[in-house]
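For the sequence shown, my numbering begins at -16 and goes up steadily by one.
One thing to keep in mind: the hints can contain errors.
To be verified - Think about it this way: if two alpha-carbon atoms lie no more than 30 Å apart in a straight line, the pair counts; the simulated DSSO-like pairs of lysine-lysine are:
{"#": "1", "residue 1": "164", "residue 2": "90"}
{"#": "2", "residue 1": "186", "residue 2": "84"}
{"#": "3", "residue 1": "167", "residue 2": "84"}
{"#": "4", "residue 1": "186", "residue 2": "164"}
{"#": "5", "residue 1": "-10", "residue 2": "57"}
{"#": "6", "residue 1": "108", "residue 2": "122"}
{"#": "7", "residue 1": "108", "residue 2": "90"}
{"#": "8", "residue 1": "84", "residue 2": "108"}
{"#": "9", "residue 1": "87", "residue 2": "113"}
{"#": "10", "residue 1": "136", "residue 2": "186"}
{"#": "11", "residue 1": "113", "residue 2": "96"}
{"#": "12", "residue 1": "167", "residue 2": "90"}
{"#": "13", "residue 1": "113", "residue 2": "186"}
{"#": "14", "residue 1": "167", "residue 2": "96"}
{"#": "15", "residue 1": "-10", "residue 2": "96"}
{"#": "16", "residue 1": "164", "residue 2": "136"}
{"#": "17", "residue 1": "-10", "residue 2": "113"}
{"#": "18", "residue 1": "96", "residue 2": "164"}
{"#": "19", "residue 1": "113", "residue 2": "84"}
Worth flagging that the hints you see were computed from the coordinates, not collected in a lab.
Since we're looking at a predicted model, the values are computed, not measured.
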Amino acid sequence: MSDLQIKDAVKSYGNVDVLHNINLDIESGEFVVLVGPSGCGKSTLLRMISGLEDISGGEMFIDGELVNDVDAAKRGIAMVFQSYALFPHMTVAENMGFSLKLAKAHKSEINEKVRRAAEILQLEKLLERKPSQLSGGQKQRVAIGRAIVRNPKVFLFDEPLSNLDAELRIEMRAELIQLHKQLKTTMIYVTHDQVEAMTLADKMVVLEGGQVQQVGKPLELYDDPSNMFVAGFVGTPRMNFLPAEVVDVSNTTSTLRFAAENGAPEVVLPMTDGKLAIGSKVSVGIRPDHLHFSPAQSGDLAIPIDVAFVEELGDLTYVYVDTKAGTRLSSQKKDGRHNHGTTGYAVADTTSMFIFDADGHRVRA
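Hey, can you work out the whole structure from these sequences and the hints?
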């Protein structure tokens, strides 16, 4: 197992900066997921860790050793890509042991390491098959096995489940969690799927615009987001946001007035950090499971709405509604049925609200 430190890392292509002062500490044996929308820089960061991309600035250490100028092949890292990249003319066993063969390892050593990896990944009965005889999930396990036989210090995964269907993705997530428990090796995983990130990660790193937005355990990021981007990105459906203005401030509370066109009343919230002044523009965030549809006005916040459409998923129902101003909100219910065009109120209480200032930073009570 190995730890990894990234200090003020920068990546530029000519005059274009794609990563800005990345600072990250990864402890030995952690499963860390880099997550963010397309183009945020997560795959570029992974390729910098692997040595496939040069670092334009800053430092990177593996087990305390500076690796900025160390070749990819000498960093003790194995990478699993989105594409399986298996040799079609080779058997599963030959694909898994190919890197060891190139390194001129003894045949008995190759066979033993391939056998051990196949046992871990439940591929023993498939070792003599060719890739064309495998399912997508089996091919991905072979690609992972090819990495395992190298006994790397760090595993890197670049969106390895993207080519699988929904059911296989769930199965492979469970297999990756079990693999991490067995190997106890440091793993760094890239995905744009925040559900995938939350189910796999010991630690999540949320990136946007080439910058780290927040680092923490998945539920920490869900319960305590530091800014609007993290709040909106982590959680499905995404958090609802409503614009408001601070109209009164006391030592312990702030009174917010929502846009008149949304038809919501003023709301008094506990506020002790002193950041907000009268006239400040803010955004109020409410998660779908904290926003409830009601036929009657009730609670601390009740916004007149029309039901736009409904997703009935069996155990859960998502109700998407429009305010009078046309703002689309989503709410989650465990029972009840609602039809398109039904009118009523989107109801929430003050204890479930998140407040963000005009720059998108979290204002904490």
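Against the structure, the hints come out as follows:
no.	hint	verdict
1	164 <-> 90	holds (29 Å)
2	186 <-> 84	violated (35 Å)
3	167 <-> 84	holds (25 Å)
4	186 <-> 164	holds (15 Å)
5	-10 <-> 57	holds (21 Å)
6	108 <-> 122	holds (14 Å)
7	108 <-> 90	holds (20 Å)
8	84 <-> 108	holds (22 Å)
9	87 <-> 113	holds (23 Å)
10	136 <-> 186	holds (18 Å)
11	113 <-> 96	holds (19 Å)
12	167 <-> 90	holds (27 Å)
13	113 <-> 186	violated (36 Å)
14	167 <-> 96	holds (17 Å)
15	-10 <-> 96	violated (35 Å)
16	164 <-> 136	holds (15 Å)
17	-10 <-> 113	violated (43 Å)
18	96 <-> 164	holds (19 Å)
19	113 <-> 84	holds (18 Å)
Checked against the numbered hints given earlier, the structure breaks hints 2, 13, 15, 17 and satisfies all the rest.
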